[in-house]
Amino acid sequence: MTAAIARTVGLRLAAAVPLLVLVSFGLFLLGKASPFDPVLQYVGDAGAARVSTEDLARMRANWGLDQPLLVQYWEWATNLFSGDLGNARSMGGRPVGELIGERLGWTVLLTTVGLAGALLISIPLGTLAARRPGGLVDRAVTWTGYVLEAIPTFWLALAAIAVFALTLGALPSGGLTDAGAGTVQAADVARHLVLPASVLAVSQSPWFILYVRETVTHTLAEDFVTGARARGLPERMVLVRHALRSGLLPLITLAGARIPELITGVTLVEAVFSWPGVAGATVQAALAVDFPLLAALTLLATVTVLLGNLAADVGYTLADPRVRLR
Numbered sequence: 001m002t003a004a005i006a007r008t009v010g011l012r013l014a015a016a017v018p019l020l021v022l023v024s025f026g027l028f029l030l031g032k033a034s035p036f037d038p039v040l041q042y043v044g045d046a047g048a049a050r051v052s053t054e055d056l057a058r059m060r061a062n063w064g065l066d067q068p069l070l071v072q073y074w075e076w077a078t079n080l081f082s083g084d085l086g087n088a089r090s091m092g093g094r095p096v097g098e099l100i101g102e103r104l105g106w107t108v109l110l111t112t113v114g115l116a117g118a119l120l121i122s123i124p125l126g127t128l129a130a131r132r133p134g135g136l137v138d139r140a141v142t143w144t145g146y147v148l149e150a151i152p153t154f155w156l157a158l159a160a161i162a163v164f165a166l167t168l169g170a171l172p173s174g175g176l177t178d179a180g181a182g183t184v185q186a187a188d189v190a191r192h193l194v195l196p197a198s199v200l201a202v203s204q205s206p207w208f209i210l211y212v213r214e215t216v217t218h219t220l221a222e223d224f225v226t227g228a229r230a231r232g233l234p235e236r237m238v239l240v241r242h243a244l245r246s247g248l249l250p251l252i253t254l255a256g257a258r259i260p261e262l263i264t265g266v267t268l269v270e271a272v273f274s275w276p277g278v279a280g281a282t283v284q285a286a287l288a289v290d291f292p293l294l295a296a297l298t299l300l301a302t303v304t305v306l307l308g309n310l311a312a313d314v315g316y317t318l319a320d321p322r323v324r325l326r
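Per the UniProt record's numbering, residue 1 is the first one in the sequence shown, and the count goes up by one each step.
One or more of the hints may lead you astray.
[What the hints assert, rightly or not] Computed beta-carbon distance windows for the label pairs:
#1 R7 x V108: 44 to 52 Å
#2 A311 x V283: 23 to 31 Å
#3 T253 x A3: 18 to 26 Å
#4 Q185 x R245: 54 to 62 Å
#5 T226 x V283: 16 to 24 Å
#6 A15 x P35: 41 to 49 Å
#7 L318 x R58: 55 to 63 Å
#8 A15 x D37: 50 to 58 Å
#9 V147 x Q41: 37 to 45 Å
#10 T183 x Q284: 47 to 55 Å
#11 A3 x G169: 28 to 36 Å
If you're looking for bench data, these hints aren't it; they were derived computationally from the structure.
From the three backbone atoms N, C-alpha and C, an ideal C-beta is built for every residue, glycine too.
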């Protein structure tokens, strides 16, 4: 078991290094090919009219934008290994590392609660649908899953704000705390977390619902389930202890594979609800062509996807020792 996990981790880490180099260099290529000028975006239209061409050229030289692509990439990579991620120009010139450190915890909180909510919604609904394939509950759950799958996350977020914040006034429409709050209180954060975490959970649940429904349906047709029923075990025990337990094993892999879509969903949810996480900062960095911040956040997202896949592989190996990574 230990050797299998060590082999899995070693193979994943060996593949991660060239992938991170490719992703980061590809980001620099896209930045070089972009028609947007970071200096003009920084000074704005009004500033560009007042600042001389010589001053704009001096700013480009200070930021290293006048250097060849390979020189820019090498300088960024060597600074990265020394812990210097640069300064976030779109956020007052603060160090990127300090900014990410402040915001990462809020993104982890939102993502964890949202993913847990998606699983809490999906597992019971998928199991109920699989109990009688083709029945009324199955058709209702499957239809709901397909409908939710087709709804864009930002539309779901705006609808939630319109209903629960603006119409009913039951929950805050965004932010981390109430306006004017001097300190961050846990109860206040929890109240502001309800809507964004619920939207994230509902937007991610269709894939899990349909997957649980499919795997449990197939498991219920297996011989060992038929044998359990023939022994006279109660249907609830057959469904939960036999079919659901076996059907949930592949869900570990699906949860790992859903990490990229989860990151996309978190980015949209944080942007709509003004949640102060790193995903929301990605949108701000992209709009402002803040390359140091955008490069660091892209690298962080790539590392998160790789770690998610690694965690799924390790979890699957622990759950089923017969599994070996090829």
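Evaluation of the provided hints:
1. R7 x V108: 44 to 52 Å: Because 28 Å falls outside the window, the suggested range is violated.
2. A311 x V283: 23 to 31 Å: The hinted range 23 to 31 Å holds for A311 and V283, with Cβ atoms some 26 Å apart.
3. T253 x A3: 18 to 26 Å: holds (21 Å)
4. Q185 x R245: 54 to 62 Å: Because 40 Å falls outside the window, the suggested range is violated.
5. T226 x V283: 16 to 24 Å: Once the Cβ atoms are compared, 52 Å apart, the range 16 to 24 Å for V283 and T226 is violated.
6. A15 x P35: 41 to 49 Å: Roughly 34 Å apart at Cβ, these two residues miss the hinted range, so it is violated.
7. L318 x R58: 55 to 63 Å: holds (57 Å)
8. A15 x D37: 50 to 58 Å: violated (36 Å)
9. V147 x Q41: 37 to 45 Å: Once the Cβ atoms are compared, 39 Å apart, the range 37 to 45 Å for Q41 and V147 holds.
10. T183 x Q284: 47 to 55 Å: violated (25 Å)
11. A3 x G169: 28 to 36 Å: violated (58 Å)
When the structure is compared with the earlier hints, violations turn up for hints 1, 4, 5, 6, 8, 10 and 11 and for no others.
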